[in-house]
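Protein chains in written order, with this note's numbering: chain A, 62 to 305; chain B, 62 to 305; chain C, 62 to 305; chain D, 62 to 305.
Treat the hints with care, since some could be wrong.
Unchecked claim - Label pairs and their computed distance ranges (CB to CB):
hint: 1; chain 1: C; residue 1: Glu298; chain 2: A; residue 2: Val260; range: 51 to 61 Å
hint: 2; chain 1: C; residue 1: Tyr256; chain 2: A; residue 2: Pro81; range: 52 to 62 Å
hint: 3; chain 1: C; residue 1: Tyr256; chain 2: B; residue 2: Lys304; range: 52 to 62 Å
hint: 4; chain 1: D; residue 1: Glu221; chain 2: A; residue 2: Ser257; range: 21 to 31 Å
hint: 5; chain 1: D; residue 1: Leu302; chain 2: C; residue 2: Tyr256; range: 41 to 51 Å
hint: 6; chain 1: D; residue 1: Arg73; chain 2: C; residue 2: Arg297; range: 32 to 42 Å
hint: 7; chain 1: C; residue 1: Arg297; chain 2: A; residue 2: His277; range: 42 to 52 Å
hint: 8; chain 1: D; residue 1: Arg73; chain 2: A; residue 2: Lys196; range: 17 to 27 Å
hint: 9; chain 1: C; residue 1: Val282; chain 2: D; residue 2: Arg73; range: 21 to 31 Å
Unchecked claim - In the DSS-like style, the derived pairs of lysine-lysine whose C-alpha atoms are separated by at most 25 Å in a straight line are:
hint: 10; chain 1: C; residue 1: Lys258; chain 2: B; residue 2: Lys196
hint: 11; chain 1: A; residue 1: Lys304; chain 2: B; residue 2: Lys240
hint: 12; chain 1: C; residue 1: Lys240; chain 2: D; residue 2: Lys240
hint: 13; chain 1: D; residue 1: Lys199; chain 2: D; residue 2: Lys258
hint: 14; chain 1: A; residue 1: Lys196; chain 2: D; residue 2: Lys196
hint: 15; chain 1: C; residue 1: Lys199; chain 2: C; residue 2: Lys240
hint: 16; chain 1: A; residue 1: Lys240; chain 2: B; residue 2: Lys304
hint: 17; chain 1: A; residue 1: Lys258; chain 2: D; residue 2: Lys196
hint: 18; chain 1: D; residue 1: Lys240; chain 2: A; residue 2: Lys258
Quick caveat, the hints were computed from the structure, so don't treat them as lab data.
Every residue, glycine too, gets a C-beta built ideally from N, C-alpha and C.
Protein chains: 4
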Amino acid sequence: MPWTSPLTSTGRSALVPDGPWSYIFDVVAVQAKGDPGRLREALPEALEPTEDIWFYIADIISFSPNAEELNYEAPGLLQYKEAAIFVRSLLNGKSYAYCPFMYVDSDVSLVRGLVAGFPKKIAHIEMTRFHDLFKPKKYGGLAYRAGYGLMKLLVEPAREVDKLPFDDFGTWLLRRYIKPLGIDELVEFAPDLEYSKIVEGRGSVEVGGGINDELHMFEPVEVLRGYLYSVRIGVRELRVLGKG
Amino acid sequence: MPWTSPLTSTGRSALVPDGPWSYIFDVVAVQAKGDPGRLREALPEALEPTEDIWFYIADIISFSPNAEELNYEAPGLLQYKEAAIFVRSLLNGKSYAYCPFMYVDSDVSLVRGLVAGFPKKIAHIEMTRFHDLFKPKKYGGLAYRAGYGLMKLLVEPAREVDKLPFDDFGTWLLRRYIKPLGIDELVEFAPDLEYSKIVEGRGSVEVGGGINDELHMFEPVEVLRGYLYSVRIGVRELRVLGKG
Amino acid sequence: MPWTSPLTSTGRSALVPDGPWSYIFDVVAVQAKGDPGRLREALPEALEPTEDIWFYIADIISFSPNAEELNYEAPGLLQYKEAAIFVRSLLNGKSYAYCPFMYVDSDVSLVRGLVAGFPKKIAHIEMTRFHDLFKPKKYGGLAYRAGYGLMKLLVEPAREVDKLPFDDFGTWLLRRYIKPLGIDELVEFAPDLEYSKIVEGRGSVEVGGGINDELHMFEPVEVLRGYLYSVRIGVRELRVLGKG
Amino acid sequence: MPWTSPLTSTGRSALVPDGPWSYIFDVVAVQAKGDPGRLREALPEALEPTEDIWFYIADIISFSPNAEELNYEAPGLLQYKEAAIFVRSLLNGKSYAYCPFMYVDSDVSLVRGLVAGFPKKIAHIEMTRFHDLFKPKKYGGLAYRAGYGLMKLLVEPAREVDKLPFDDFGTWLLRRYIKPLGIDELVEFAPDLEYSKIVEGRGSVEVGGGINDELHMFEPVEVLRGYLYSVRIGVRELRVLGKG
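Using the sequences and the hints, build the whole thing.
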């Protein structure tokens, strides 16, 4: 059975086909330090923010063994771009990567994510494409929506590194909240990650926002570094930790 | 509290703000007869299809007293187009307007509808605009997605009528199905309807479809008439009738 | 013969079918005063800017007797939204409405305009829809592109008026500039205008811009008033006035 | 000076910045044989069609030394997808690759191409992305617009080859036609091509079309093979050959 409607006798018309879903990400990311007092405005009460923020823009291919043919019969359905913010936060003393805002440009990704707890909305998202024949001196990524910019990242690639500081934030933590269904809970999302090359360099970030996207709390106090990487992501575990 | 995430301390960043939601529809619609044997492929087992099908394309403004400023500060968020199919169906001997497929072009509408049980996906939707200064001899509406057409309606306006045959289908019936949340139930949606002028005339419909949108079961056996109308829709009641 | 390629033996596949083209506009507009010294940065040398600026966002239906069926067979092709800035400017002592920037959200409109000299680019454009069943206290319009806002207009309708101050700017003046074709000339566009109701009230405007859209020179020194109106526009005359 | 308006004192707001432009293409292509009698309907009278047709869908990065920063500051402006049909045709006995239809999903590409003579329109275009971490058994590409499919290509990669049969068609030939500017001429476009890996395999093509896109004349009589390749394209020469 697929994850969502529309339902037919074959199940082949669903917005979100059956999983398990895996993802190939090309990512432009920037690590920054924010003001924990302001970050609290975007976090559930049970969470204690640290100053660590991870911003990224990604160009993504998703796939499932239960919808293999869509990757060539209607490839746009399973491709998308994503812009996200994660704040390293403590829940009962343990460190997690909490995601307060995430944007995508695909209905399949929007709903597939919402049912897991990812706080997704649709935005226009652009990113310098990774391509062997194209070597720009900087890579950029940006997202915008409803008349205003959301975020803009720039990274100047300088050196290969072994490890992404984002992985020290912890497993991912989401607030799954759908009021008309009576759902409000904290969900832990544990990803399986296989990186290919990770490149580090100078990074910059501009945070925007507007009437329906309050992002001022993520304004960096200090920008640390930028990263470019590709990664294959699977879902190791998804479990409810408690009330939202 | 808003209906969905993203959640902040103000609640003003949610994809779907708090309701109650109302809707202004401009509609191009066609009534047709289909083959109940094939229509069954798109219906839950508990339902008995009749031959009556209602197709429409609509241009919509939505609004809520809890998000009034969005209608001018970011008007695109609350406007959208919609393409839908309803089949008159019997549940325990009572007649309902069952909706097996619905398409919109907005993330707010997509998720606001999914949590009620509307089987929405994003599509490209176009419709001849209603305008006092523009009087074409025909009105058209069409939807497409993923490389193929979904439906195309044409209506030649001829005469005003008092009543829409769609309202004889019954209240609306939805299958709210979200497998990862363990939800599968039949939901009755009772609309409040205030029509302005209803115009009737010759109608035609082309049904398309493709790999992720099986619409062949809605191929008309006979096309009855077309309709143009504007209507203000509110939600009188939403209640669960039973398992999906 | 159509205006552009693609060309086939029937001429029915052209991006821009044959004219003459007429237009139905629903408009949210704001009149403001700017700084002529800065406005000069967006004008050809032969023009002398005044301080008068007209901003508008419009929701448009276009039609031609040579493509009548497109308005119902593929209605999206001939509908679009438009965001524009006009500066009242003097050429050889005569007053014109010079258009330095114009945005649309349709390829047909983009190219149909470019060949006349309208400086069009594609943007995302939104506007509070005019509808008899929907009476918001404010109307808004906004345009954005490439990660940033371009302009945002708000109008609070207060009273009907007889006349639009924009019409005192003069006929429209364009710089038709296509370097690879060796074209650089000033073109006068004289519209035929038939207004339906014009409403006036308080207006506000926010001017944005970014790396590929330098709009800072239009920052208002004083905002005068806002307007809501519908108008049918035809093309009375298009003629070359001189070099660009 | 940029290629087009909008013009400002810096030239940095133009839709099409100054060239020379280069392009990185990832391509899904299919070679087929058509019916020369029908192909003639899409060709200028001076041309004699052969039976050879080349269909492709491409994912493209464009760049110019005069707009280098746009590739990271607003990367979406210079990226696009393209769907095209070329017919090998004879002009005065010499073989050319004549392009009767081309679709893109970007305003920059649309206008940059139109001024050279490429018969571009905007469409929705999708393609299986090339990525080192993703190895599907088939690659697909498709384009759609105005309610209907335009073309859909599928390629099953099987073996590397040295050479693309498309290059035997000849240099590219375009009909630059803009009636309001009095332009109708045949233009030769000679590309500089640097291929990276070319892969060949089984190919299939579905040709669609609709009211504003007559593509029936390209219906294949025989489908030969499919190709996947990446190529860097520059412009060696663009010259007018004669009247259109």
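Going through the hints against the structure:
At roughly 59 Å, the beta carbons of C/Glu298 and A/Val260 sit within the given window of 51 to 61 Å. In this structure, C/Tyr256 and A/Pro81 meet the distance hint of 52 to 62 Å, their C-beta atoms being roughly 60 Å apart. Checking the proposed 52 to 62 Å range against C/Tyr256 and B/Lys304 shows it holds: the Cβ atoms sit about 58 Å from each other. Taking 21 to 31 Å as the suggested C-beta distance range, the pair D/Glu221 and A/Ser257 conforms, at roughly 22 Å.
Distance hint for D/Leu302 and C/Tyr256: a CB-CB separation of about 49 Å, consistent with the stated range 41 to 51 Å. The supplied range of 32 to 42 Å is met by D/Arg73 and C/Arg297, whose beta-carbon atoms lie about 34 Å from each other. For C/Arg297 and A/His277, the hinted distance range of 42 to 52 Å is satisfied, since their beta carbons lie about 50 Å from each other. Between D/Arg73 and A/Lys196 the beta carbon distance is about 24 Å. The supplied range of 17 to 27 Å therefore holds.
C/Val282 and D/Arg73 have their C-beta atoms about 24 Å apart, which keeps the hinted 21 to 31 Å range intact. Straight-line distance between C-alpha atoms of C/Lys258 and B/Lys196 comes to about 18 Å, which keeps the hinted pair within the 25 Å bound. Note on A/Lys304 and B/Lys240: the hinted pairing holds, with a Cα-Cα distance of about 21 Å set against a maximum of 25 Å. For the hint linking C/Lys240 to D/Lys240, the alpha-carbon distance of about 17 Å falls within 25 Å, and the restraint holds.
At most 25 Å may separate the alpha-carbon atoms for a hinted pair to count; D/Lys199 and D/Lys258 meet this at roughly 17 Å. For the hint pairing A/Lys196 with D/Lys196, the CA-to-CA distance comes to about 23 Å; that is within 25 Å, so the pair holds. A threshold of 25 Å between alpha carbons decides the hint, and for C/Lys199 with C/Lys240 the separation of about 42 Å lies outside it, so the pair is violated. For the given pair, A/Lys240 sits about 21 Å from B/Lys304 by alpha-carbon distance, which is consistent with the 25 Å threshold.
With a C-alpha separation of about 18 Å, the suggested pairing of A/Lys258 with D/Lys196 holds against the 25 Å cut-off. For the given pair, D/Lys240 sits about 52 Å from A/Lys258 by alpha-carbon distance, which is inconsistent with the 25 Å threshold.
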